[in-house]
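Asks: Please put together the full structure from these sequences, using the hints given.
Just so you know, we're using numbering that gives the first Met the number 0 here: the sequence shown kicks off at 0 and counts up by one.
Derived by calculation from the structure, the hints in this document are not laboratory data.
Be aware that a few hints might be false.
Using 27 Å as the maximum straight-line C-alpha spacing, the simulated BS3-like pairs for lysine-lysine come out as follows [to be verified]:
#1 Lys138 with Lys90
#2 Lys138 with Lys154
#3 Lys172 with Lys202
#4 Lys74 with Lys108
Here are the in silico distance ranges between beta carbons for each label pair [what the hints assert, rightly or not]:
#5 Asp216 with Thr143: 14 to 20 Å
#6 Leu159 with Thr190: 51 to 57 Å
#7 Glu185 with Glu121: 29 to 35 Å
#8 Ala186 with Ala140: 34 to 40 Å
#9 Thr143 with Thr103: 18 to 24 Å
#10 Ala167 with Thr190: 16 to 22 Å
The beta-carbon is built from N, C-alpha and C at its ideal position, and this holds for glycine as well.
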Amino acid sequence: MKSIKKRLTVAVTIVLLAFPFSAAMTMADTVTADQTTMVTYEVTSETAAAETAVAAYEVAPITTLDQVAIAEGLKEAADTAIEAVVDVAVKTALELRVTNQTATILIEKTTLQAEVAVAAYEAAPITTLDQVAIAEGLKAAADTAVEVVVESDVKTAFALRVTNQTAAITTAKTALQAEAAVTAYEAAPITTLEEVATAEGLKEAADTAVEAVADGDAKTALELRVTNQTVAIATAKDALTPVVDDNGEIVAPATWFTDLIAKLQLALTFDPVRKCELNEQHALAKLAKAQKMMMNGDSENAEIYLNQYTDKIAKAQAFLEQVEDPTSEAAITLSTALNNVNSNNVVVLSNLIDKLPPQAAQKLALNVVRSMEKAVNKLEKEEAKVADETTPATLPVVDHESLEKQTKVALEEFKKSLIQKGKVHLDDLEQDQRDGDKNVAKQSKPKSEMKQKFENQSQENQAKVNPIKEQTTPTNRTDENNKDDRNKQTDRTKDNGRNGDDNNRRDDR
0 MKSIKKRLTV
10 AVTIVLLAFP
20 FSAAMTMADT
30 VTADQTTMVT
40 YEVTSETAAA
50 ETAVAAYEVA
60 PITTLDQVAI
70 AEGLKEAADT
80 AIEAVVDVAV
90 KTALELRVTN
100 QTATILIEKT
110 TLQAEVAVAA
120 YEAAPITTLD
130 QVAIAEGLKA
140 AADTAVEVVV
150 ESDVKTAFAL
160 RVTNQTAAIT
170 TAKTALQAEA
180 AVTAYEAAPI
190 TTLEEVATAE
200 GLKEAADTAV
210 EAVADGDAKT
220 ALELRVTNQT
230 VAIATAKDAL
240 TPVVDDNGEI
250 VAPATWFTDL
260 IAKLQLALTF
270 DPVRKCELNE
280 QHALAKLAKA
290 QKMMMNGDSE
300 NAEIYLNQYT
310 DKIAKAQAFL
320 EQVEDPTSEA
330 AITLSTALNN
340 VNSNNVVVLS
350 NLIDKLPPQA
360 AQKLALNVVR
370 SMEKAVNKLE
380 KEEAKVADET
390 TPATLPVVDH
400 ESLEKQTKVA
410 LEEFKKSLIQ
420 KGKVHLDDLE
430 QDQRDGDKNV
440 AKQSKPKSEM
450 KQKFENQSQE
460 NQAKVNPIKE
470 QTTPTNRTDE
480 NNKDDRNKQT
490 DRTKDNGRNG
500 DDNNRRDDR
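Replies: If you want it as structure tokens, here you go:
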């Protein structure tokens with residue numbers, strides 16, 4: 000099409016140029032030779048100069064913006080040359096050629112400028128959020144350049160390229176923003192409750208950023224990271240949150256152990272002397288093992304032995320006061336020894352608890368205390384009821400079957416709390432209970448003998464034995480019977496010693 004236009008323009012120019020020369024030849028008949036030569040030279044010079052300038056403007060290369068700039072510089076020379084042409088027709092033809100070439104150059108120039116702007120937008124790096132921000136700034140320049148493109152087909156192609164690059168930048172931007180949000184969530188410190196609260200506040204931003212991610216695989220991976228960090232934060236929060244009792248008081252390792260022992264000493268009082276001594280020995284062994292495990296860095300097994308230590312101490316205290324003679328030298332010695340165990344080792348125990356995972360140690364302590372308090376309250380109510388019903392006219396007699404039932408109730412409460420924690424094996428506890436049942440059976444006496452034993456005890460000690468049966472028939476014992484009783488007691492103590500040794504060997508296993 001351009002070639003045809005140029006051919007037509009040249010043809011018209013030739014025709015127009017031919018006309019002045021014919022007129023000049025006609026005028027030559029009425030003027031001198033010198034005059035004819037001068038007129039012909041003037042017309043030819045102006046037209047030729049304009050033709051040369053316009054032709055140079057038309058043939059200038061315009062494939063690059065630099066070439067376009069040079070071509071645009073030639074337009075001024077062409078315009079100046081055309082202005083000197085006298086012939087109106089020739090001048091008009093030359094001006095038309097310049098106008099057409101200017102339009103052609105404009106088309107090429109806008110296309111080249113749009114190509115440069117769009118190519119820069121497409122080539123901008125977008126691997127970081129800073130680079131994305133720079134790339135987004137290039138979009139405005141690309142849009143402006145595309146907007147002035149003359150040819151519609153070319154303009155549409157450019158607009159499509161800009162749209163595609165915008166989508167690519169948006170995808171990269173959302174992925175980078177999600178990565179930054181998730182990384183910040185993962186990197187947040189969680190060593191204190193205040194830091195945990197701050198970290199929890201970052202989760203919402205991470206979730207929002209991940210939700211905007213378009214790539215399915217990338218989104219799934221980011222969601223998994225958020226989930227894992229949420230679990231880690233919850234674990235840290237649970238470990239840092241202090242445990243409180245029903246009154247809102249914080250349960251601390253420094254206080255719970257002695258409180259527990261005090262409650263056990265006051266309430267649970269159902270086992271013979273030998274079992275108490277055996278449990279005391281086992282408790283020390285468990286504590287030593289717990290300390291050894293902790294020194295070796297095995298906190299899990301240390302916690303197990305620590306629980307077993309608590310179990311042994313609790314059983315020793317629980318059955319301490321059911322001694323045949325609470326004022327006997329053996330009972331006093333055992334009670335003092337057990338108290339020394341508590342006072343000398345509570346610091347060691349507290350240090351172990353401090354080194355264990357704090358939440359596990361504290362919750363275990365609280366669970367044990369609560370379960371034992373239930374047994375304490377029940378026994379206190381029963382003892383109060385017995386104290387109200389007891390009169391000087393009646394004589395309490397130990398009901399061994401009832402004592403066994405009460406013992407099992409107290410132990411079951413303690414056992415449930417430890418089973419819930421899943422940390423302590425209760426085989427020893429059950430075996431000790433069976434041994435205790437055998438000992439109680441061995442120590443059963445006729446009611447007449449039991450009445451004589453309790454005649455020597457104070458009314459206060461009588462009230463501690465729960466429950467009781469009324470016995471209205473008085474019984475007198477002779478010195479000979481008392482001697483027989485002492486002999487039988489000695490035999491029973493030996494039997495208990497043998498049973499205790501068996502239990503000790505079993506516990507060590």
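Asks: Evaluate each hint against the coordinates.
Replies: A quick look at each hint next to the structure:
Restraint check for Lys138 and Lys90: the C-alpha separation of about 45 Å exceeds 27 Å, so the hint is violated. In summary, the hint linking Lys138 to Lys154 is supported, as the alpha carbons are separated by about 15 Å, within the 27 Å threshold. Restraint check: the Cα-Cα separation between Lys172 and Lys202 comes to about 19 Å, which is no more than 27 Å; the hinted pair holds. Among the hinted pairs, Lys74 with Lys108 is consistent with the structure: their alpha-carbon atoms are about 15 Å apart, no more than 27 Å.
Distance hint check for Asp216 and Thr143: the Cβ-Cβ separation is about 37 Å, which falls outside the suggested range of 14 to 20 Å. A beta carbon spacing of about 53 Å between Leu159 and Thr190 agrees with the range 51 to 57 Å that was offered as a hint. Look at Glu185 against Glu121: about 34 Å separates their beta carbons, and that is inside 29 to 35 Å. Between Ala186 and Ala140 the C-beta distance comes to about 37 Å, which sits within the given range of 34 to 40 Å.
At about 22 Å, the beta-carbon gap between Thr143 and Thr103 stays in the expected band of 18 to 24 Å. Between Ala167 and Thr190 the Cβ separation comes to about 41 Å, which falls outside the hinted range of 16 to 22 Å.
Figure legend: structure checked against the earlier numbered hints; hints not met, in rising order: 1, 5 and 10.
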